[in-house]
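Novice: Now for the letters of each chain:
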Amino acid sequence: MSGNIRVDIKKRYSGQEDAPDFNLDVNFTASNELVVLFGRSGSGKTTTLRCIAGLGKPDMGFIEVNGKVYFDSELKKNLSPQDRRPGYVFQNYALFPHMSVAKNITYGLKGKSDAAKEQRLHEMLGLMHITGLQNEYPSRLSGGQKQRVALARALAPNPDILLLDEPFSALDMVVRMRLRERIHSIQETLDIPVLFITHNPVEAFTLADKVVVLHEGSVHQEGRPEDVFYNPCNRHVAELVGVSNIFDADFAGKSEYGFVLNTDSISITTTTNVDADSSYSWGVRPENVHLHPAREDISGCNVFSTTVHSVVNRGASRVVAVDIPGGGSVLLSEMDNRNFGKLDIGPGSECLVEIDPRDVLVFALEEPAG
Amino acid sequence: MLEQAIFPLYITLKIATLSTILVVLVGLLISYLLARRDFTGKNLVDILVTLPLVLPPTVTGYLLVILLGKNGVLGQSLFEMTGFGILFTWQAAVIAAFVVSLPLMVKTTSAAIGSVDRELEYVAYTLGHSELETALFVTLPLAKKGIIAGLVLSFARAVGEFGATLMVAGNIPGKTNTMSLSIYTAFQSGNDSLANILVVILVIMSLVSMAATAKLVNRWKV
Chain H
1 MSGNIRVDIK KRYSGQEDAP DFNLDVNFTA SNELVVLFGR SGSGKTTTLR
51 CIAGLGKPDM GFIEVNGKVY FDSELKKNLS PQDRRPGYVF QNYALFPHMS
101 VAKNITYGLK GKSDAAKEQR LHEMLGLMHI TGLQNEYPSR LSGGQKQRVA
151 LARALAPNPD ILLLDEPFSA LDMVVRMRLR ERIHSIQETL DIPVLFITHN
201 PVEAFTLADK VVVLHEGSVH QEGRPEDVFY NPCNRHVAEL VGVSNIFDAD
251 FAGKSEYGFV LNTDSISITT TTNVDADSSY SWGVRPENVH LHPAREDISG
301 CNVFSTTVHS VVNRGASRVV AVDIPGGGSV LLSEMDNRNF GKLDIGPGSE
351 CLVEIDPRDV LVFALEEPAG
Chain Z
1 MLEQAIFPLY ITLKIATLST ILVVLVGLLI SYLLARRDFT GKNLVDILVT
51 LPLVLPPTVT GYLLVILLGK NGVLGQSLFE MTGFGILFTW QAAVIAAFVV
101 SLPLMVKTTS AAIGSVDREL EYVAYTLGHS ELETALFVTL PLAKKGIIAG
151 LVLSFARAVG EFGATLMVAG NIPGKTNTMS LSIYTAFQSG NDSLANILVV
201 ILVIMSLVSM AATAKLVNRW KV
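Protein sequences, first through last, are from chains H and Z.
Take the first sequence: its position 278, counted from the start at 1, is 278 in full-length UniProt numbering, and no numbers get skipped.
Take the second sequence: its position 122, counted from the start at 1, is 122 in full-length UniProt numbering, and no numbers get skipped.
Hints are computed from structural coordinates only; laboratory data are not their basis.
Since we're looking at a predicted model, the values are computed, not measured.
Not one of these hints is a red herring.
Derived lysine-lysine pairs resembling BS3-like cross-links, with alpha carbons at most 30 Å apart:
#  : chain 1 : residue 1 : chain 2 : residue 2
1  : Z       : 144       : H       : 110
2  : Z       : 42        : H       : 57
3  : H       : 10        : H       : 76
4  : Z       : 14        : Z       : 175
5  : Z       : 144       : H       : 112
6  : H       : 10        : H       : 210
7  : Z       : 107       : Z       : 215
8  : H       : 117       : Z       : 144
9  : H       : 110       : H       : 57
10 : H       : 77        : H       : 10
11 : Z       : 145       : Z       : 14
12 : H       : 103       : Z       : 145
13 : H       : 210       : H       : 77
14 : H       : 110       : Z       : 145
15 : Z       : 107       : Z       : 42
16 : H       : 76        : Z       : 42
17 : Z       : 42        : Z       : 145
18 : H       : 210       : H       : 68
19 : H       : 77        : H       : 112
20 : H       : 57        : H       : 68
21 : Z       : 145       : Z       : 107
22 : H       : 110       : H       : 77
23 : H       : 76        : H       : 57
24 : H       : 103       : Z       : 215
25 : Z       : 42        : H       : 77
26 : H       : 110       : H       : 68
27 : Z       : 107       : Z       : 14
28 : H       : 112       : H       : 68
29 : H       : 103       : Z       : 144
Using the sequences provided together with the hints, build the complete structure.
Specialist: This is how it looks when you write it as structure tokens:
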């Protein structure tokens, strides 16, 4: 079956006492693939998912799944959730606490014979590797088991689309890894679009065929995970994907290595084309900021000497903050513990910073969303 | 002496049971709507239903007399249609018990329904179940502790109803002399032994129903 999703919706929330106005304006398309809606909490991810499921109504726009129009404000068409029947897995799984696992899984098989229900139940138990749990009640299940039951319940009626709202947030790392693989294989087996919400960049990167980045209610970038993570289109997306060093800059000219931007008293060269008339900010991932001992002799562009401001031990890695000469801001550099040990530095010590011009990302200021 | 207690016991159970059945049916509908729907006049419904909880029962009774009397809005049309004057009948006592115990049912049940996770209802909708089916098989079963609590409170309130019943149904021997009314009459007329018997019956009834409810509710895990 050839299927795809087209979503183009607008919804306005007038701010109540403590909440500001919020405008949702989301527009994306996808084929039968695993799409990750990625953004901070409050960016409109869950609202978008609910509108697709029919649990929320957009003010205007259009939603189509698998050639079936779910919502069209011009035709005044708005299918009920009962008519859309999406597979929906909620963040807390929302298993019916008063029903056994078997009743939960077969609850969506309304109108089917008992034999058909029984057969589908066993298919689902097998698919999710939870055979033997059918007579348990949800309160006796572990987090990972609950999640698999919720997935089985969502998939049992053969939905046209699977919607997953932060399904991993309550699970430990090992269970997450396994379920991540399972969701991927489910998507491939069933060949339906799967929409997956997360605020976790690692999850978005490892899981997605396609990432849709939401920020303050609108789509800022959509594409393959590599495109979004290595070439964020603006500052907001860059911050979301882990570019924690972002600075405003002035255009300074052109050099043999590329274009030069000034921030405080340092000059940063980038291979990205920049235009003298516009304002920019530049950014670099902390893992692309390389530190060297002060005595070392390195030449090239984007090398400057500075003082270590502070060091944070993150367990598996260290994050070193160094002062940017001539300004109050700091630049973060992340490295593994072995390299940190070789550097032999601490707060107050001198060191050299080196950044490859190809790793310098440039963002136009005040770039319109989308 | 005991036979003098039989009729009050019978009429009290009849009135309280019928009133509680009505309270459960109407109360569940109003509670669900108050907890889950937004509609114009929602606050007004809430206030009207709750009012008998704070009004003195005699005032509630007086208002019912105005409403149900042969010149009252409801009473008049009922009398014209059927020739039945409802005041000073056991049916009027059912209405009085219903009106004063409804707020106890609605307050307890709407709180219980409100605390059921809405996402469970949303899941049921996405699985193809209508709002009515979801309410009957997901929401209400999960709110059953609150519903049972509301039912027990309403029944107890109906059994103990005095003021409004006296206003609308009188205290007619062999017709509307409920236990609460009979205890008062017996006490007033110095018939202490009848008062004692009625009091003992009421206390035992209350203890048994409380114990039975506690036992039932404790068996439920969810």
